[in-house]
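Going letter by letter, the sequence shown gives residues 0 to 256 in numbering that gives the first Met the number 0.
To be clear, the hints were calculated from the coordinates, so they are not data collected in a lab. Mixed in with the good hints there might be a few duds.
As the list claims (entries may be wrong) - Derived DEER-like restraints, expressed as beta-carbon distance ranges:
(1) Ala65 / Asp101: 36 to 46 Å
(2) Gln129 / Gln64: 41 to 51 Å
(3) Glu173 / Pro60: 15 to 25 Å
Computed from a predicted structure; not experimentally measured. We put the CB at the ideal spot given by N, CA and C, even for glycine.
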Amino acid sequence: MRDEFGFESGSVEADEARLEEILDRLELQESGRIPQGSPALKSPISGPVFDFLFPPPGGCPALTQAEYRRVLRQAILEAISLANNAAGKLEAAVAVAPGLRDKDAQETARLFRFFFCHDPSLPVPWAGNQPSGASVAKRFRAIARELGGGRRITFRCNPHCDPGERAFTDQHGEPNVINLCALFWNPPPGMPGLPPEGFRGGVILHEMLHVLYTDFFHHVPTERKRNNAHCFRAFALRAKGYGQDLAAQHGCTSRPC
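Sequences and hints are given; from them, build the entire structure.
In structure tokens, the structure reads:
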């Protein structure tokens with residue numbers, strides 16, 4: 000089943016094909032090479048609504064404004080795909096009793112237990128005893144919804160990040176602004192199975208948790224896996240079949256359950 004952006008939960012190939020279609024058609028529309036009202040655009044395309052502060056400060060990559068927007072759009076669409084895929088797999092895993100799960104749902108539950116220390120069917124008392132996996136899925140769906148046009152996010156290149164930092168936000172000081180560091184634009188090597196677009200999509204998914212749930216997701220000494228954006232990013236990447244962002248995995252597994 001396709002979501003409102005045309006992505007099919009659990010189908011990486013279909014997601015990637017749809018991603019390229021959206022990118023190509025939006026680029027043609029923005030360049031004016033496809034006139035408004037032409038048959039190619041008869042069906043409106045759902046897509047992200049965002050701003051990028053251009054020109055960026057010195058020390059940022061020497062890209063044109065169009066190049067920056069293309070990289071960002073691709074990363075945002077990938078974050079939407081990651082979030083919807085993770086949500087769909089979790090919803091399927093908690094829709095039946097653990098003993099009745101199919102092979103895919105069993106693998107989803109295994110990954111969830113690895114990153115969150117319990118089965119996704121575990122009831123959450125503070126969330127009306129809904130399954131933990133359903134609660135996590137709702138957060139993933141919210142990320143996809145907000146990135147897909149629910150709110151306008153402002154992105155900017157920031158060359159003054161801490162070493163090893165991918166991105167950061169300050170939702171209280173600068174609402175709906177995501178600062179993208181050098182490692183976002185030039186992903187670090189040594190991550191087999193994780194292409195640049197998947198890496199960047201994971202980074203944006205991570206930062207959206209800080210934007211949407213500011214008082215729940217914050218990296219503090221008392222942080223646990225359940226409120227750790229690293230765990231959500233690591234789970235979403237593996238659920239889609241990508242290799243792992245090692246910083247995300249370490250940031251998750253180094254925290255207590």
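Hint-by-hint comparison with the structure:
For the pair Ala65 and Asp101, the beta carbons lie near 44 Å from each other, so the given range of 36 to 46 Å is met. Checked against the given bound of 41 to 51 Å, the beta carbons of Gln129 and Gln64, roughly 44 Å apart, stay inside it. Remark: the range hint 15 to 25 Å for Glu173 to Pro60 is upheld by a beta-carbon distance near 22 Å.
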